[in-house]
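Modelling step: build the complete structure from the supplied sequences, incorporating the hints.
Read off the chains here:
2 protein chains.
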Amino acid sequence: MAQTPSSSSAAAPQTPAFSPLYQQIKTLILQSLQAGEWKPGELIPSEIELAARFRVSQGTVRKAIDELAAENLVVRRQGKGTFVATHAEQQVQYRFLRLVPDSGDARAEGPAQRRVLECKRVRANADIARCLALRTGDAVLQARRVLSLAGVPTILEDIWLPGQPFKGLTAERMAQYPGATYAMFELEFGVRMVRADEKIRAVLPDSEQATLLGVDAHTPLLSVERLACTYHDTPMELRRGLYRTDTHHYHNALS
Amino acid sequence: MAQTPSSSSAAAPQTPAFSPLYQQIKTLILQSLQAGEWKPGELIPSEIELAARFRVSQGTVRKAIDELAAENLVVRRQGKGTFVATHAEQQVQYRFLRLVPDSGDARAEGPAQRRVLECKRVRANADIARCLALRTGDAVLQARRVLSLAGVPTILEDIWLPGQPFKGLTAERMAQYPGATYAMFELEFGVRMVRADEKIRAVLPDSEQATLLGVDAHTPLLSVERLACTYHDTPMELRRGLYRTDTHHYHNALS
DNA sequence: AAGTGGTCTAGACCACAAC
DNA sequence: TTGTGGTCTAGACCACTTG
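Going down the list, the protein sequences come from chains Y and C. Under numbering that gives the first Met the number 0, the residue at position 69 of the first sequence is numbered 68, and the numbers go up by one with no gaps. Under numbering that gives the first Met the number 0, the residue at position 53 of the second sequence is numbered 52, and the numbers go up by one with no gaps.
Each statement offered as a hint is correct.
The list treats identical chains as one, so a pair stands whether inside a single copy or across any two.
Within a straight-line C-alpha distance of at most 35 Å, the following computed DSBU-like cross-link-like pairs (lysine-lysine) qualify:
| id | residue 1 | residue 2 |
| --- | --- | --- |
| 1 | 38 | 119 |
| 2 | 62 | 79 |
| 3 | 38 | 62 |
These aren't lab readings, by the way, just hints derived from the structure by calculation.
Below is the structure:
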């Protein structure tokens, strides 16, 4: 596995190959992450160990890990090692939530309060099934909840999850969990959300939605449809959120 | 400049220092970019030349350029060289515009049509001045325009620019330019927008806004307030946009 | 003191583009 | 053929963390 990128030594069994060595290494590490060889929050082997395992130089492993770190799949800590990224950390809670108070100080308003309205097992309609790469009629979990920020109901979310990986999820489970929902998905179901796509629109609520958020039916709201994926871009959650934007706004940094 | 990161050799005069060598090199290259030593679209010196100029190894220059490329400040092209990033390219037009048709195929609807409604010189109020890091009463340019996508008026934008760097900008100038506005800012005023922040809300239009967009006053719209910055995070443009989201949506990728 | 990631170097070779 | 960026290696040393 030293010189030719297209070689397939014992260390790189079924890599289709014709990519740089460090890309192959990256793929191998990714497979170990996906297979759960190292769990979220855990320490992965040192660069030197991985270099020995894959029969490449430390620099090549480094470049592979650099890319994984850039994609937020692992976190490097000098002097300690490299850790599998996790949602279950105090610092980076709500990593995917871009709604921030207009004051800018998200910490001042304290943690969000969650109220789970329902969590039931249903059959996917064509729309939901297509988004989650399932077949129409497959079992999915459907949940609805309200998040209150600074005591004010601000976010109404409908969530759909594939039934298979999330078997056994109940409203109690969702409600009682202290931290972010994605942390629970990791700890309870071994599903780590890696990236997500959001489609944002301005809409008016129906009467039920308006009631739940404590606004009237003429209040414009942000509609945020999020498709969250685990490793290899496998869709694992569809979420349709309605955000009040009278005291908060959706923040996005472009570069 | 070889071993000690805090050294200040002739090649690195006023770097405050105590950062890795490659960071110092990055800062030096950044200064040359800002000073206009190499203009947008131009070829910068090769890694070997820069390594010689700064008295460091090619690998160190490479790492500096890697970061600049990751921030979209330069573009690498294998076999050709490294170029200063520019908005004036066919491929990456509207790099900051995240509104895409629901069909997903942005190319199908063709280029946006622009109608410039006004472009006048005014005095900044406290709000505008604060955003642009000016003083209240300073001269600013204020423009308003409508963008039509697939023939339908979809975006209404109010734009504020600091008067000094954009002296001489007229409505004709804005209207006649073939490509994106940021390309014109580069070519005509030497101002390159490097990054931007957006605050997004759902709002209802006032009657004038509704008329310009061809909707009624009860149609919820996306309010997108963008602050665009040039090098070193210097704010250079405030833009308040209203987006129709009946056939388009704002797309955002989270990772 | 030992182990980790972080930086820096020097040299080899590969892949791509232009002449 | 030449020059560019891209990959890979090997070894040195630095900075941080832990025992």
